[in-house]
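Chains A and B, in that order, are what the protein sequence lines are. For the record, in the first sequence the residue sitting at position 388 is 388 according to our numbering, with numbers rising by one throughout. For the record, in the second sequence the residue sitting at position 376 is 376 according to our numbering, with numbers rising by one throughout.
Just so you know, the hints here were simulated from the structure itself, not pulled from any lab data. Each hint should be verified, as a subset may be incorrect.
Below, in silico cross-link-like pairs of lysine to aspartate or glutamate (EDC-like), each with a Cα-Cα straight-line distance of 20 angstroms or less [stated by the list, open to error]:
1) B/K319 <-> B/D353
2) B/K314 <-> B/D331
3) A/K320 <-> A/D305
4) B/K64 <-> A/E71
5) A/K145 <-> B/D347
6) B/K101 <-> B/E270
7) B/K226 <-> B/D322
8) A/K126 <-> B/E270
9) B/K359 <-> B/D156
So the chains spell out like this:
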Amino acid sequence: MAVSRRAFVRSLTPRVGPSSAAIAARGREAWAAEHPHGEEPQAAQESPLAVRLNSNENPLGPGQSALGAIERAFAYAGRYPMNARPSMADFRTLVAKQNGLKIENVCLGAGSGEILECAVMAFASKSRGVVSAAPTFESPGRTAKRVQFPLTEIPVDDAGKLDLEKMSGASTGAGLVFVCNPNNPTGAVHGTDPIASMVSKIAKASPDTVILIDEAYHEYVTDSAYATAIPLVAKYPNVIVSRTLSKAHGMAGLRLGYAIGQKDAIDKLARWTMPYNGNALVVAAGVASIEDEAQIERERRRNTDVRKFTTDFFRNNGFKTSDSQANFIWVNLRRPAQEFAQACEKQGILVGRAFPPFEKTHSRISLGTMDEMQRAVGVFKNVLGLTTTTAGGR
Amino acid sequence: MALSRRGFVSTLGIGAAGLVGGRILSGGRVIGPWSRPFDEALFAQGAQPLLLHNNENPLGPGEKALNAIRAKLTERGIPAARYSSPAGQLASAVASKFGCKPENVLIGCGSTQILRNATFAFTSPTRPLVGGSPTYEECGDVAKLLGASIKTVPGDSNMRHDIEAMAAAAVGAGLVFFDNPSNPAATVHPATAVQAFVEKVRSTSPDTAILIDEAYHDYVTDPAHKTQIPLALETPNLLVARTFSKAYGMAGLRIGYAIGRADTIKKLRELHYGLSTNVLGLAAAIASIQDDARLQQEAQRNTEARKFTVDWFKSNGFKPTDSQCNFLFVDVKRPAREFRDACRKQDVLVGRDFPPFEKSHARISIGTLDEMKRAVGVFGQVLGVKAAAA
Numbered sequence: 001m002a003v004s005r006r007a008f009v010r011s012l013t014p015r016v017g018p019s020s021a022a023i024a025a026r027g028r029e030a031w032a033a034e035h036p037h038g039e040e041p042q043a044a045q046e047s048p049l050a051v052r053l054n055s056n057e058n059p060l061g062p063g064q065s066a067l068g069a070i071e072r073a074f075a076y077a078g079r080y081p082m083n084a085r086p087s088m089a090d091f092r093t094l095v096a097k098q099n100g101l102k103i104e105n106v107c108l109g110a111g112s113g114e115i116l117e118c119a120v121m122a123f124a125s126k127s128r129g130v131v132s133a134a135p136t137f138e139s140p141g142r143t144a145k146r147v148q149f150p151l152t153e154i155p156v157d158d159a160g161k162l163d164l165e166k167m168s169g170a171s172t173g174a175g176l177v178f179v180c181n182p183n184n185p186t187g188a189v190h191g192t193d194p195i196a197s198m199v200s201k202i203a204k205a206s207p208d209t210v211i212l213i214d215e216a217y218h219e220y221v222t223d224s225a226y227a228t229a230i231p232l233v234a235k236y237p238n239v240i241v242s243r244t245l246s247k248a249h250g251m252a253g254l255r256l257g258y259a260i261g262q263k264d265a266i267d268k269l270a271r272w273t274m275p276y277n278g279n280a281l282v283v284a285a286g287v288a289s290i291e292d293e294a295q296i297e298r299e300r301r302r303n304t305d306v307r308k309f310t311t312d313f314f315r316n317n318g319f320k321t322s323d324s325q326a327n328f329i330w331v332n333l334r335r336p337a338q339e340f341a342q343a344c345e346k347q348g349i350l351v352g353r354a355f356p357p358f359e360k361t362h363s364r365i366s367l368g369t370m371d372e373m374q375r376a377v378g379v380f381k382n383v384l385g386l387t388t389t390t391a392g393g394r
Numbered sequence: 001m002a003l004s005r006r007g008f009v010s011t012l013g014i015g016a017a018g019l020v021g022g023r024i025l026s027g028g029r030v031i032g033p034w035s036r037p038f039d040e041a042l043f044a045q046g047a048q049p050l051l052l053h054n055n056e057n058p059l060g061p062g063e064k065a066l067n068a069i070r071a072k073l074t075e076r077g078i079p080a081a082r083y084s085s086p087a088g089q090l091a092s093a094v095a096s097k098f099g100c101k102p103e104n105v106l107i108g109c110g111s112t113q114i115l116r117n118a119t120f121a122f123t124s125p126t127r128p129l130v131g132g133s134p135t136y137e138e139c140g141d142v143a144k145l146l147g148a149s150i151k152t153v154p155g156d157s158n159m160r161h162d163i164e165a166m167a168a169a170a171v172g173a174g175l176v177f178f179d180n181p182s183n184p185a186a187t188v189h190p191a192t193a194v195q196a197f198v199e200k201v202r203s204t205s206p207d208t209a210i211l212i213d214e215a216y217h218d219y220v221t222d223p224a225h226k227t228q229i230p231l232a233l234e235t236p237n238l239l240v241a242r243t244f245s246k247a248y249g250m251a252g253l254r255i256g257y258a259i260g261r262a263d264t265i266k267k268l269r270e271l272h273y274g275l276s277t278n279v280l281g282l283a284a285a286i287a288s289i290q291d292d293a294r295l296q297q298e299a300q301r302n303t304e305a306r307k308f309t310v311d312w313f314k315s316n317g318f319k320p321t322d323s324q325c326n327f328l329f330v331d332v333k334r335p336a337r338e339f340r341d342a343c344r345k346q347d348v349l350v351g352r353d354f355p356p357f358e359k360s361h362a363r364i365s366i367g368t369l370d371e372m373k374r375a376v377g378v379f380g381q382v383l384g385v386k387a388a389a390a
């Protein structure tokens, strides 16, 4: 499967219609979250031939073990996910066991997106707002705005890191603090110590505030100062950690994520989630994928290589990138993200949307396969006007 | 949680005369991760219980649907890894089936998401939810989360919704939930009566939304029944919900939809979590909705197994309602729990309690004919019936 895909990518002729510009500029995952189908007829026209570096997806998809599990779960396609084998409960039990916790400490989401939205509904209100960052993953902030809960967005620093100090300060009296680590779109990661000290500070100053730490890109981190915040759950009743199978596990289209926390917090959160949000086939794939540590290790290594290649390209050409620990990079291209995205799109490469307040200077570029990135940097060179030494000249 | 939640709901004050408390509409199935409708240990012991407790289709999706999933797994571009969703394609397929536009359709993670969103959109602490009794609990569960009050209207002597009383209760309400056929009663309401109900609510309380849940539509054999999708497409504030979980056999794949006027659908869409559906389920649904032959085959299979089961109960002196679904609601003359626990000991799982009939009625989903033959053997023992089943 991977092989045929690469072959196909190599032979592609870009023919991306102008109609997909809006999606290219804003990112598939944001677009889909904001515009459920029916309002996005353009989606159908988005060229399948484009190299998609716009939504932080895993270009290889689920591993073989996960694909096999899907096929084996066909017998349960007609059963509600709690009646399937493995069931939603089996998945939760597995996650709990891997983290030394109990099933009651884990709830599922149709992707972690559902967890993020439901956390806003469960823990914030018109009088207890949401504290988030700018830029960061938009879902909690967007949900807060939609339901008119107060929203405080603390700008990241020059390195793209969250300002944990200011976020802590703003958290007093808030309902929910959203900490995306590594942060999307900047890729910056925060070490165990600063996260632990932030949690401790908020727990002291504002014990009713829930701290949602989103570790969507956890598996891609290589910085040894980082570790998951899940151990904090044992000590703090108001810490919830969210994870997704959309990234390293390659299942963005299958919709499975989860949250970990103390029973009471998970209980409150889960009341807002849909009761059967885990798909019978996907829960099976999730169990297989979570158990297949070798696959995730391979995927991490593959991504690290590609990340280095892409980061080096930009740095060697005088563009500053953040120290990305995710499957995308954040780069100061000294031009509007929209302008860069549209120019790349014309040459068959889709890159990330505009992320205010950096929309005038920075772009987020998801990492594809090495082949895709080699092709992409060719396009980036053209678009950025870098001199290339092409054999034969003009 | 289960207990405190039920306790909470039953204390809700209901103002209107003739209405019973909110606990029937809400709380029958506890939402959230603790929901465990059967004993996991049954499976752990390697037993193969008959799953007659969740109104599932025992055959699952058709071969065309499964092939569509297989194709998705090997498709170029690896859709399983992508956020691009074919939900729009499914919306188009649904729209062309019913002669409307994709803007009239909203695809959900099962019809559950539709029921939840409708409750979010239309009820509030000042705009109650109205439903029958007994009825499917999803909207009630959400109304409780929102602090919206719940008006439940007892059914008539044939276990059909009391349409007059529901119309009266609808005045000033945010949302009326009307399941047709009704779950757990399994009864259907004639199209003329449903239309008259809609007309009445429209004239007395035009701001009240009506959600007609047609989850079991494809199993109905009563010719007086008709889908209200055409009416929803022309009537403000009227929605019909459908699911692929029943006759299409896709409960595990989580796809359903709402259909209605574009302005009504828009109210749901505004608060709809758009990344709720998965590409495998969507692909299977797109293949299924074009497979009318499979649907008819499934309906026929269910009708036969239903008749066999209904006849068994009737010939043994038990009264089932006039089931138009893939389940029965039957007066087993003893508490549902007692019946359920006894059946479970013999590896047959049947439905949960449905107040106010939990002392007398059990809901039994219809499996395959072979499964039902096995099941009635167990029912006969549990109910103390002299063996007579063929």
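Evaluated hints:
The hinted pair formed by B/K319 and B/D353 meets the criterion: a straight-line CA distance of about 17 angstroms does not exceed 20 angstroms. With a C-alpha separation of about 10 angstroms, the suggested pairing of B/K314 with B/D331 holds against the 20 angstroms cut-off. At roughly 19 angstroms between alpha-carbon atoms, A/K320 and A/D305 fall within 20 angstroms of each other, so this suggested pair holds. Distance restraint check for B/K64 and A/E71: the Cα-Cα separation of roughly 14 angstroms lies within the 20 angstroms cut-off, and the hinted pair is therefore satisfied.
Simply put, A/K145 and B/D347 have alpha-carbon atoms about 50 angstroms apart, too far for the 20 angstroms limit, and the pair is violated. Restraint check for B/K101 and B/E270: the C-alpha separation of about 18 angstroms stays at or below 20 angstroms, so the hint holds. Note on B/K226 and B/D322: the hinted pairing holds, with a Cα-Cα distance of about 17 angstroms set against a maximum of 20 angstroms. Taking the CA atoms of A/K126 and B/E270, the gap is about 19 angstroms. The hint holds against a cut of 20 angstroms.
At roughly 18 angstroms between alpha-carbon atoms, B/K359 and B/D156 fall within 20 angstroms of each other, so this suggested pair holds.
Hint violations for this structure: number 5 only, all remaining hints satisfied.
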